[in-house]
Amino acid sequence: MFTLLKLELEKLFRSKSFYLSFVILVGFVVLMLWGFYTYAARKAGGQAVEQFKYTYESKQYFNGLTFALYSVLFSFTLLLPIFVAMSAGAQIAGEARAGTLRMICTRPISRASLVMSKFLVTALHAGLLLTFFIALNLLVGLVFVGWGNLELYPGPLNLVDAPGKIMRDEALMRFAYAAASGTWALLVIAALALLCSVIFDSPVQAIVTTIAAYLTLYIVGRVEFFEHLRPYFFTTDMDFWRDVFKPDIPWQNVWHYACTCGAYTVGLLLATVFIFERKDILS
Amino acid sequence: MWVKIVLALLFCVMVAGAVHFAKPRPPDDTRPSTEPQHSLTLLTWNIGYAELEDDTRAHTKDLPAVAEVILKTDPDAVALQELAGKDQLRILLGLLKGRYRGEVAQQGQGDRFEAVLVKDTQATFTPVAVGTRYALGATFRPENNGPQVILLSAHADAFNAARRREFVEGLMDWAQARMRSTEVFIAGDFNFELKAANETNLYTDNVKHDSESYSYILRNFKDLGRDAGDTAINDRRIDYVFGPARVQRANHAEVLRDAAVGRMDHWPLVVRIGF
Numbered sequence: 001m002f003t004l005l006k007l008e009l010e011k012l013f014r015s016k017s018f019y020l021s022f023v024i025l026v027g028f029v030v031l032m033l034w035g036f037y038t039y040a041a042r043k044a045g046g047q048a049v050e051q052f053k054y055t056y057e058s059k060q061y062f063n064g065l066t067f068a069l070y071s072v073l074f075s076f077t078l079l080l081p082i083f084v085a086m087s088a089g090a091q092i093a094g095e096a097r098a099g100t101l102r103m104i105c106t107r108p109i110s111r112a113s114l115v116m117s118k119f120l121v122t123a124l125h126a127g128l129l130l131t132f133f134i135a136l137n138l139l140v141g142l143v144f145v146g147w148g149n150l151e152l153y154p155g156p157l158n159l160v161d162a163p164g165k166i167m168r169d170e171a172l173m174r175f176a177y178a179a180a181s182g183t184w185a186l187l188v189i190a191a192l193a194l195l196c197s198v199i200f201d202s203p204v205q206a207i208v209t210t211i212a213a214y215l216t217l218y219i220v221g222r223v224e225f226f227e228h229l230r231p232y233f234f235t236t237d238m239d240f241w242r243d244v245f246k247p248d249i250p251w252q253n254v255w256h257y258a259c260t261c262g263a264y265t266v267g268l269l270l271a272t273v274f275i276f277e278r279k280d281i282l283s
Numbered sequence: 001m002w003v004k005i006v007l008a009l010l011f012c013v014m015v016a017g018a019v020h021f022a023k024p025r026p027p028d029d030t031r032p033s034t035e036p037q038h039s040l041t042l043l044t045w046n047i048g049y050a051e052l053e054d055d056t057r058a059h060t061k062d063l064p065a066v067a068e069v070i071l072k073t074d075p076d077a078v079a080l081q082e083l084a085g086k087d088q089l090r091i092l093l094g095l096l097k098g099r100y101r102g103e104v105a106q107q108g109q110g111d112r113f114e115a116v117l118v119k120d121t122q123a124t125f126t127p128v129a130v131g132t133r134y135a136l137g138a139t140f141r142p143e144n145n146g147p148q149v150i151l152l153s154a155h156a157d158a159f160n161a162a163r164r165r166e167f168v169e170g171l172m173d174w175a176q177a178r179m180r181s182t183e184v185f186i187a188g189d190f191n192f193e194l195k196a197a198n199e200t201n202l203y204t205d206n207v208k209h210d211s212e213s214y215s216y217i218l219r220n221f222k223d224l225g226r227d228a229g230d231t232a233i234n235d236r237r238i239d240y241v242f243g244p245a246r247v248q249r250a251n252h253a254e255v256l257r258d259a260a261v262g263r264m265d266h267w268p269l270v271v272r273i274g275f
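Going down the list, the protein sequences come from chains A and B. According to the numbering used here, the first sequence is numbered sequentially starting from 1. According to the numbering used here, the second sequence is numbered sequentially starting from 1.
Each statement offered as a hint is correct.
Which residues of chain B face chain A? A few of them, derived with a C-beta cut under 8 Å, are:
1) Ala8
2) Leu10
3) Met14
4) Gly17
5) Phe21
6) Lys195
7) Tyr214
8) Ser215
9) Leu218
10) Asp223
Note that these hints are calculated values from the structure, not bench results. Predicted model only: the values in this text are computed from it and were never measured. All residues carry an ideal CB built from backbone N, CA and C; glycine is no exception.
So that you can see chain A by itself, here it is in the shape it has in the complex (with noise of 0.2 Å):
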């Protein structure tokens, strides 16, 4: 296992789109502080003061925390999962398509003990990709933007349901805590890709496969009409780790949710680990 591990890290630390996810998020970065620079301006000053008396958007409020907060919360929605989708769902199928996996299954390793490996790996890439994002959008804040508390208002974020503060150390703590809950919450997506890896051949078909199922169940969970159904979709259990950023972390909410997802990562690393023992690899 250590040994199939030991190469399987190889692989992703050798691979092109391992270090082109950190560009993208780089880049993903100061597309985010021109956007919010042009923000802070347009929303603390100008038309805005013109047409309303009072604003919460002082300029104190647009400081590095805030910034770093918006970044991660409207970048783990949409960017993360993919590049997640991307690293588990080439994994099996990634094999399959390079015909390299027939022979790595003729060696005496247990189908099982591959597949936890490439999990582990993917959950790595994960946790690496969200800690780097996080830390990358802080020292960004700090720099360009400059820090303050972490005020908090009910409305846009969906966190509050009162105008509340974080303090900066704790918000700083926080943010630690977030890396660990997003990067939970994100083995949700990689799970069901090396699900996907496992039943297509295609490293492609695996990828916009997973992708399209999480993009529809988020798509759905947002419009009113299917409020109802929004318990059941993993998209909404997948929203917890958001909760660190509460002044008062609702804890048993977070573990609650955290098992949820946990019992969908096992669940469908268990099917997955079952289905690729019985596949007949003809590749």
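With chain A's structure known, arrange chain B on it following the hints.
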């Protein structure tokens, strides 16, 4: 084989964990330990009908049911919205057996009126002009020799969040000028949509404006009905009672969900406060 066993065990642990942590925990009782010196019971209710009806204002045939709820709840003051006019207020005051005095707001651009009813016979009523709309304030003493209280009955635009925001700004200007000398409470239908998850619903055009409005109110006021839940159909909490920030929390906040009659789309919100 061991991988599958470990995974199966982990799956069971996760499911058990999810079930265990899903159990509701009783809310912490964080009520202030000091005994309140004064008590006040307020009720707010938009007694109009849902949008699909021909006339969405209050219907006179429903007034006996409205009076019954008020008499049963026995509030010190009542904020009503969407009355059709002074005639309805007169009928309602009659049904209340002379226990309340009341007034309706001036007519703005719309065809409906806000009203305030109070028990105090010495109460005075003040129209509050906010843009093209009118709110109504009542100044009264809920207890003999108790502090003077102002209750504002307000109704913000149902379909335009930017107009709601401007309305709130005007209302706050009026309230803040008086809150240094008097306990000011604001009650009514604000139509705020604060759940970003609901931004695709049909009632709001901009969640952000509502967030600005609500946050601005909470700079100086407490949302006293927060724990009571939805106040209107479609799981919406759009009726509020805001009180002075020094009121720690409502002793009791309740939405009377069996009180609506006819095609009403709101339920009355009752708040009991000690301060």
